[in-house]
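Chemist: Could you put together the complete structure from these sequences and hints?
The sequence shown begins at 23 in the numbering used here and counts up by one.
Just so you know, the hints here were simulated from the structure itself, not pulled from any lab data. Given the structure is predicted, the values throughout are model-derived calculations rather than measurements.
Here are the simulated EDC-like pairs of lysine to aspartate or glutamate, each with C-alpha atoms no more than 20 Å apart in a straight line:
#, residue 1, residue 2
1, Lys145, Asp133
2, Lys97, Glu84
3, Lys129, Glu94
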Amino acid sequence: MLNKISFKCEHCGHSLFVPAESAGRKGRCPKCREAMIIPKDAQIINQEKNNSKNKSASDWYEKGHSLTLSGEYNKAIECYDKAIEIDNNFAEAYFGKGICYHQIGDKNNADINIKKAKKLGCKDAIEYLKITE
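Modeler: Here you go:
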C-alpha cells in the first residue's frame with residue numbers, strides 16, 4: 023500500500039494530495055503559489071498500488087504534484103509528461119505542467135498547457151484562466 027496525505031491549502035483552500043513522506047516539509051500550493059509547511063497531522067489515505075494504465079498515469083501525476091509543491095518545477099514537468107504520455111487526456115497533469123512552466127517563466131508553454139487542461143475540463147484551469155485573462 024502507498025500512504026498519501028490529503029489536506030487543504032491554508033491560503034486558498036485548494037485540495038492537495040501528496041505522498042505521506044512529504045509531511046513536515048516545505049511546499050508551495052500549485053494554485054495560489056503560496057509557501058506552506060505540509061501538515062504532519064493531515065489525513066492519511068492508504069492506496070493499493072495498481073498496474074492499470076490510468077493508475078500509472080496517476081502515480082506520475084502525484085509524483086509531479088509533490089515535486090511542484092517542493093519547487094522542483096523541471097523535475098515535476100518530466101513527471102507530468104510521463105503521466106500525459108500514458109493518458110493524453112489527463113487534464114490535471116496538463117494544468118500542473120502549465121503551473122510549473124509559469125513558475126519558471128515560460129509563459130508560452132504555460133498558456134498552452136493550461137488551455138489544454140481547460141479544454142479537457144480541469145476546473146482548476148478554468149478558474150485560473152478566469153483570474154489571469
